[in-house]
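Peer 1: Chains A and B, in that order, are what the protein sequence lines are.
full-length UniProt numbering applies: residue 1 is where the first sequence begins, and numbers increase by one.
full-length UniProt numbering applies: residue 1 is where the second sequence begins, and numbers increase by one.
It should be emphasised that the hints constitute simulated quantities derived from the structure, not laboratory data.
Don't take every hint at face value.
Footprint (simulated), chain A over chain B, 3 or more residues, beta carbon under 8 angstroms [said to hold, decoys possible]:
1) 42–55
2) 66–78
3) 107–114
4) 174–180
5) 185–197
6) 202–215
Heads up, the beta-carbon is just placed ideally off N, CA and C, and yes, glycines get one too.
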Amino acid sequence: MTILVIAEHENGAVAPATLNTVAAAAKIGGDIHVLVAGQGVGAVAEAAAKIAGVSKVLVADNAAYAHQLPENVAPLVAEIGKGYSHVLAPATSNGKNILPRVAALLDVDQISEIISVESADTFKRPIYAGNAIATVQSSAAVKVITVRATGFDAVAAEGGLAAVEAVAAAHDAGTSAFVGEELAKSDRPELTAAKIVVSGGRGMQNGDNFKHLYALADKLGAAVGASRAAVDAGFVPNDMQVGQTGKIVAPQLYIAVGISGAIQHLAGMKDAKVIVAINKDEEAPIFQVADYGLVADLFEAVPELENLL
Amino acid sequence: MKVLVAVKRVVDYNVKVRVKADNSGVDLANVKMSMNPFCEIAVEEAVRLKEKGVATEIVVVTIGPSTAQEQLRTALALGADRAVLVESAEELNSLAVAKLLKAVVDKEQPQLVILGKQAIDSDNNQTGQMLAALSGFAQGTFASKVEVAGDKVNVTREIDGGLQTVALNLPAIVTTDLRLNEPRYASLPNIMKAKKKPLETVTPDALGVSTASTTKTLKVEAPAARSAGIKVKSVAELVEKLKNEAKVI
């Protein structure tokens with residue numbers, strides 16, 4: 001059995017979700033190869049070669065793979081993936097964009113967002129916004145799978161000594177082009193990797209009030225998230241959204257401030273180790289999952305909490 | 001141009017689903033069903049394209065049981081021109097659905113196909129991408145803005161770090177994210193009119209598509225329940241608990 005892991009990378013570095021995906025591959029068992037596709041990705045390939053447990057790194061360095069356009073990357077992954085027992089990618093926006101396209105090219109089902117490996121062909125994944133866990137078995141010749149990063153502890157980024165091999169294949173469908181991107185800037189830790197997350201909801205009332213959460217987050221070294229209500233109301237950008245349709249987080253501590261706790265929000269954070277809820281409505285559903293609940297006005301409680309830290 | 005919109009009948013998003021006692025699945029008997037929220041956004045976008053004079057005809061398609069006609073009628077009431085039901089009683093995987101949609105795309109020859117980014121029951125987020133692969137079209141997934149310009153469509157996509165814009169050759173596949181638009185409600189006169197709009201029913205066999213699957217569900221369980229928490233009385237008590245009991249700060 002040989003497993004191909006599609007590396008997620010940005011700005012010349014391997015993204016953390018790749019390490020969780022390699023961990024899932026290690027649970028399946030077998031040789032682990034990593035594919036790095038992009039343009040000018042030499043440094044990424046070198047970093048990938050150091051990941052613990054990886055035996056080979058394949059590098060496809062080509063202008064067609066810049067910006068990870070699925071029309072070009074998917075045929076590459078499908079061509080290389082044919083020779084593997086499993087093809088894995090992190091369930092990031094890139095992984096979700098590319099991998100179903102790969103599966104269809106290979107004429108197999110894709111299994112989305114696994115949270116555990118039961119055996120080489122059997123996996124667990126959440127359905128219905130995390131309200132049920134399905135155990136699924138695949139008989140596909142190549143098992144094409146996206147991995148939910150919070151389901152697996154990251155492997156070490158250092159210590160491996162894999163061989164790096166260039167891949168010549170160039171696929172350029174010519175049907176799509178990158179126009180531009182607008183990335184949100186933040187000095188705080190990345191939401192999906194943060195040990196502590198402080199999130200605000202509709203109860204924050206406006207975008208300006210999020211400054212209270214930023215101040216608290218900076219004291220804790222935390223990332224700041226939001227509920228869909230806060231994003232839709234325009235308080236914060238959408239890449240801060242935690243939930244079924246946003247990001248899935250599983251930090252050590254999740255502090256939900258002014259968030260009622262709708263099913264869709266809980267889907268994104270209920271695997272946090274400790275959940276704290278601060279809400280003035282004592283009937284809010286968030287209190288049913290919170291380890292520590294405080295019924296209070298957030299505009300008094302949050303500054304007080306910040307002062308006590 | 002012709003726009004094809006795929007919709008799915010799913011359990012209503014407000015329903016708290018329960019897992020069946022025999023672990024064979026979730027209990028959908030007597031549960032309210034609706035159009036998947038992302039599909040509503042897809043229908044709305046198609047209708048707006050028609051209102052702008054970009055789209056000339058909107059065909060809505062679903063794959064599912066005969067009861068899924070309700071969701072097609074909803075889409076017709078929202079502004080779709082006609083509907084196609086690919087009737088299949090069994091629950092199909094995304095690849096089978098994508099193959100069936102490919103057959104419908106071949107027949108209808110739309111310039112743009114709009115789907116939701118994921119269905120809230122299976123949470124797969126696969127069908128649009130698979131349909132794009134099978135048809136050889138470009139894909140604009142997780143779209144928060146769609147602009148048709150000549151023979152291209154510019155799609156602004158929600159990605160992990162922010163937004164990305166891509167230009168796709170038509171025909172193309174677009175999957176909708178939450179912020180693409182706010183779907184309208186169907187008015188009563190439009191609901192009445194929708195009853196007279198054409199609705200064609202076909203079978204997977206008639207489309208010549210095999211719906212065989214490489215995946216089977218062995219069991220479905222309820223997630224592990226969290227142990228009950230406590231209510232603290234003050235911020236000071238909260239900090240004390242987090243430091244000394246939970247040891248997370």
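Peer 1: If you look at each residue in the stretch 107–114 of chain B, do at least three have a Cβ nearer than 8 angstroms to any Cβ of chain A?
Peer 2: Our answer is that it is violated, as 0 residues pass the Cβ test (under 8 angstroms) against chain A, missing three.
Peer 1: Okay, the stretch 42–55 of chain B and chain A, do three or more residues pass the C-beta test at under 8 angstroms?
Peer 2: violated (count 0)
Peer 1: If you count the residues of the stretch 202–215 of chain B with a beta-carbon closer than 8 angstroms to a beta-carbon of chain A, do you get 3 or more?
Peer 2: holds (count 3)
Peer 1: Count the residues of the stretch 66–78 of chain B with a beta-carbon closer than 8 angstroms to any beta-carbon of chain A: does the count reach three?
Peer 2: violated (count 0)
Peer 1: Quick check: the stretch 174–180 of chain B, covered by chain A? Criterion 3+ residues, Cβ under 8 angstroms.
Peer 2: holds (count 3)
Peer 1: Confirm or reject the coverage of the stretch 185–197 of chain B by chain A under the rule of 3 or more residues with a beta carbon closer than 8 angstroms to the chain's beta carbons.
Peer 2: violated (count 0)
Taken one by one, the earlier hints fail for this structure at numbers 1, 2, 3, 5, listed in ascending order.
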